[in-house]
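Q: Sequence:
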Amino acid sequence: MVMEPLLPLKKLQLPSGTVGPEAIAFDILGNGPYTSVADGRVLKYQGPRIGFTDFATTSPLRTKEVCDGKNDPNLLIKCGRPLGLGFYYRSGDLYIADINYGLLVVGRNGGPARQLATGIDGNPFAFTNAVDIDQLYGVVYFTDSGPIFRATSNITLLLESKDTTGRLFKYDIRTNRVTLLLSGLAGPAGVAVSLDGSYVLVTELIANRIKRFWVRGTKANTAEVFTNLNGYPDNIKRTILGDYFVAVNIVNNQSMTPPKFSFAQRINVLGNVIVSLNLSAQYRDSISEVQEQFGRLYIGSLKEDFVGVYGV
Numbered sequence: 001m002v003m004e005p006l007l008p009l010k011k012l013q014l015p016s017g018t019v020g021p022e023a024i025a026f027d028i029l030g031n032g033p034y035t036s037v038a039d040g041r042v043l044k045y046q047g048p049r050i051g052f053t054d055f056a057t058t059s060p061l062r063t064k065e066v067c068d069g070k071n072d073p074n075l076l077i078k079c080g081r082p083l084g085l086g087f088y089y090r091s092g093d094l095y096i097a098d099i100n101y102g103l104l105v106v107g108r109n110g111g112p113a114r115q116l117a118t119g120i121d122g123n124p125f126a127f128t129n130a131v132d133i134d135q136l137y138g139v140v141y142f143t144d145s146g147p148i149f150r151a152t153s154n155i156t157l158l159l160e161s162k163d164t165t166g167r168l169f170k171y172d173i174r175t176n177r178v179t180l181l182l183s184g185l186a187g188p189a190g191v192a193v194s195l196d197g198s199y200v201l202v203t204e205l206i207a208n209r210i211k212r213f214w215v216r217g218t219k220a221n222t223a224e225v226f227t228n229l230n231g232y233p234d235n236i237k238r239t240i241l242g243d244y245f246v247a248v249n250i251v252n253n254q255s256m257t258p259p260k261f262s263f264a265q266r267i268n269v270l271g272n273v274i275v276s277l278n279l280s281a282q283y284r285d286s287i288s289e290v291q292e293q294f295g296r297l298y299i300g301s302l303k304e305d306f307v308g309v310y311g312v
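Mapping of the sequence shown onto full-length UniProt numbering: position 121 corresponds to residue 121, and the numbering continues sequentially without gaps.
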């Protein structure tokens, strides 16, 4: 069911010059949203009077003077570029995926994040992207989207590449061990663990689908297509009820250029789209994440200067 927004979109404005609130997270107390932005910071929303404040950074080379408010690809090493975010509620730690710096963690008080993994078996990650935490078993699932994402951010080139070098990993919080779970993925952009921890969903942006990897049970260590989509999916987030919100963008099939259409799609455990909220009028380019919290939808993007809130 396609719906048009019935309420206005509220905008939580980022600090001056700051863009690209790609991912969103809330801590165990519901504080936030926390968001990862293009200038290398993770920001925390402190309410309408204070707005967003600095919470964490991923690059040891970062300085506020050089990096704050910048969106320069040439500064990715210097400033960092955090993408995926996920809290482990038991410890209060925030796990962060950074394009260049791999998987990192920062404590509940924030500050410089500590590197946990930059590769596996001597081979570095190419483009660390999404993160989700299995709260029951203490496992961090994260994706490496593949070198094609480092080579270009042009969605046309990405879709035409048919690249399948993406991978899904897990990091065991107790043992500090990284394990490769699945390779041959077509642009794994988002990851979400099921409510009972039995499987993990991975969005394949280039293949326009979501894949399911079974972690436990009789199908453990096998993968299958969970659902096919009519657009390219970015991040996926589980709701409190156990279904999922996916950020889905559609490009004009003939020209592969704008107009683009952006949807917040709710998908049930059977892989069926049960709600498709059209956000194209509110977002000029695309959306990167949709997360439900306290009955509201918090919406991330790669180019806007605000976090969108729908349903207030």
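In short, the hints are calculated from the structure, not lab data. Glycine residues also receive a C-beta, built at the ideal position from the N, C-alpha and C atoms. Check before you lean on any hint, since a few could be wrong.
Claimed, not checked - No farther apart than 30 Å at their CA atoms in a straight line, the calculated lysine-lysine pairs in the DSSO-like style are these:
hint, residue 1, residue 2
1, 10, 162
2, 10, 219
3, 219, 162
4, 64, 260
5, 11, 260
6, 70, 10
7, 64, 11
8, 219, 260
9, 162, 11
10, 78, 64
11, 303, 70
12, 11, 303
13, 260, 303
14, 162, 64
15, 70, 260
16, 78, 219
17, 70, 11
To be verified - So the derived label-pair ranges between C-beta atoms look like this:
hint, residue 1, residue 2, range
18, 239, 16, 45 to 53 Å
19, 177, 78, 38 to 46 Å
20, 31, 311, 33 to 41 Å
21, 285, 16, 18 to 26 Å
22, 197, 92, 18 to 26 Å
23, 107, 30, 33 to 41 Å
24, 31, 220, 16 to 24 Å
25, 89, 198, 31 to 39 Å
26, 107, 280, 36 to 44 Å
27, 30, 271, 27 to 35 Å
28, 63, 157, 45 to 53 Å
Q: Tell me, in ascending order, the numbers of any earlier hints that this structure violates.
A: 1, 2, 4, 8, 9, 14, 16, 18, 19, 20, 23, 24, 25 and 28
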